[in-house]
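Input sequences plus hints: build the corresponding full structure.
The sequence shown lines up with residues 1 to 275 when you count with the UniProt record's numbering.
Careful: at least some of the hints might be erroneous.
[Claimed, not checked] Straight line, CA to CA, 30 angstroms or less: simulated DSS-like cross-link-like pairs of lysine-lysine:
#, residue 1, residue 2
1, K152, K248
2, K83, K105
3, K169, K65
4, K84, K194
5, K68, K211
6, K134, K103
7, K134, K68
8, K197, K68
9, K207, K105
10, K46, K152
11, K169, K83
12, K85, K194
13, K194, K42
14, K84, K46
15, K207, K65
16, K65, K42
[Claimed, not checked] What follows is a set of in silico ranges between Cβ atoms, one per label pair, in the way DEER data are often shown:
#, residue 1, residue 2, range
17, V140, T210, 38 to 44 angstroms
18, E97, N237, 45 to 51 angstroms
19, E166, E225, 51 to 57 angstroms
20, D263, T104, 39 to 45 angstroms
21, A180, K105, 20 to 26 angstroms
22, L171, G117, 24 to 30 angstroms
23, N216, P131, 43 to 49 angstroms
24, P202, N237, 32 to 38 angstroms
25, N237, E188, 15 to 21 angstroms
26, V148, V204, 25 to 31 angstroms
Keep in mind the hints are simulated off the structure, nothing from the lab. Nothing here was measured: the structure is a model prediction, and the numbers come from that model. Glycine residues also receive a C-beta, built at the ideal position from the N, C-alpha and C atoms.
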Amino acid sequence: MYSFIKLCIRSPSVYSKNILRQEKRFAGHSKWQNIKHVKAEKDAEKSLLNASYVRKMQVAIAEGKSHKPIENLKLAQIMEEAKKKCVPAATIAGVLERAEKSKTKSRAELLDFRGPGGSIFVIKILSDNIPLIKNLLNTVFRKNNCVVGDEKLRNVFEHRGVVIAEIQKDLDGATDDAIAVGAEEVEEFENNGKFYKFYCNPVVIPKVVTKLQSLNYSVQSADEEFIPNVITTVDENDSKKIDNLYKKLNQFEEIVSINHNIDFSDEQQQAASRS
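The structure is reproduced here in structure tokens:
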């Protein structure tokens, strides 16, 4: 099962293009090119990371109806997380300044639709003109054989908050802490280290983060996710249609995240990686 989550969101998906390899004709030239490529990749990753936190902050401001961290706990926590990830202070300050000066307030809204091959999508959009963005998206949906849902399609997904923290104690102790902070479940996972995932209602993410920190957990990130309860497989033809759909959706800066219930086969992923 694969989940496309876009924060800002131009996150790499299963359809992302591979960076072309340079032909190694001259050792010195090749070495320099490799250095340039590594730097370019790191710069691109850094740019994506910064952009993702910009969008997270913008969503937090829209949903919390305040650009002041002291009044908006979710915003304050995202800013703290961004600082830990070395997002430039100027970038963070710029988001707050633009929000303060803005005469029109943005708001976030979920939109669900049925895509090629019976696939189901839930996207989050952030804009100061939601009706306009919906109209533009409806054109994309119509041209790509998609049907807008009535909010019932999103019931195919489990919408939950997930807080990732460094391990402080054994799983039994973490389970007790999860109950104490208002989380519903906790599990251990590895990703360049061992961490706990605390699952909770998305509404209480800020409270869970604060309480975990009070228990001396080092919180690494906090976000929302849509986990499909029903999985859809698609054939090669529909896979190509979805590829085209993603390209169209990626042209909208207002789309904050894309979630789907598609389970791509290994062959489809390999074909996409070669495209």
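These are the hints, each one checked on the structure:
With a C-alpha separation of about 24 angstroms, the suggested pair K152 and K248 falls inside the 30 angstroms cut-off, and the hint holds. A hinted pair counts as satisfied when its Cα atoms are at most 30 angstroms apart, and K83 with K105 qualifies at roughly 25 angstroms. For the hint pairing K169 with K65, the CA-to-CA distance comes to about 37 angstroms; that exceeds 30 angstroms, so the pair is violated. Among the hinted pairs, K84 with K194 is consistent with the structure: their alpha-carbon atoms are about 18 angstroms apart, no more than 30 angstroms.
For the hint pairing K68 with K211, the CA-to-CA distance comes to about 21 angstroms; that is within 30 angstroms, so the pair holds. Among the hinted pairs, K134 with K103 is consistent with the structure: their alpha-carbon atoms are about 21 angstroms apart, no more than 30 angstroms. Taken as a hint, the K134 and K68 pair is honoured in the structure, with Cα atoms around 29 angstroms apart against an allowance of 30 angstroms. This hinted pair checks out: K197 and K68 have alpha carbons roughly 28 angstroms apart, not beyond 30 angstroms.
Distance hint between K207 and K105 is fulfilled; the C-alpha atoms sit about 25 angstroms from each other, no more than 30 angstroms. Simply put, K46 and K152 have alpha-carbon atoms about 37 angstroms apart, too far for the 30 angstroms limit, and the pair is violated. For the suggested pair K169 and K83, the alpha carbons sit about 26 angstroms apart, so the restraint of at most 30 angstroms is met. Our distance criterion of 30 angstroms between C-alpha atoms is met by K85 and K194, whose separation comes to about 18 angstroms.
About 24 angstroms separates the Cα atoms of K194 and K42, which keeps this hinted pair within 30 angstroms; it holds. As the CA atoms of K84 and K46 are separated by approximately 13 angstroms, the hinted pair is consistent with the 30 angstroms bound. For a cut-off of 30 angstroms, the pair hint linking K207 to K65 stands: about 17 angstroms separates their Cα positions. Using a Cα cut-off of 30 angstroms, the hinted pair K65 and K42 is violated, with the two alpha carbons roughly 34 angstroms apart.
The given range of 38 to 44 angstroms is respected by V140 and T210, whose C-beta atoms sit roughly 39 angstroms from each other. In this structure, E97 and N237 meet the distance hint of 45 to 51 angstroms, their C-beta atoms being roughly 48 angstroms apart. Evaluation of the 51 to 57 angstroms hint for E166 and E225 yields a failure: the beta carbon distance comes to about 20 angstroms. Evaluation of the 39 to 45 angstroms hint for D263 and T104 yields a pass: the beta carbon distance comes to about 40 angstroms.
Range check, A180 to K105: Cβ separation about 36 angstroms, and the 20 to 26 angstroms hint is violated. For L171 and G117, the Cβ-Cβ distance of about 39 angstroms falls outside the hinted range of 24 to 30 angstroms, so the restraint is violated. Distance hint for N216 and P131: a CB-CB separation of about 46 angstroms, consistent with the stated range 43 to 49 angstroms. For the hinted restraint 32 to 38 angstroms between P202 and N237, the CB-CB distance of approximately 35 angstroms keeps it satisfied.
The hinted window of 15 to 21 angstroms between N237 and E188 is violated, with their beta carbons roughly 40 angstroms apart. Between V148 and V204 the beta carbon distance is about 30 angstroms. The supplied range of 25 to 31 angstroms therefore holds.
Checked against the numbered hints above, the structure violates hints 3, 10, 16, 19, 21, 22, 25; every other hint is satisfied.
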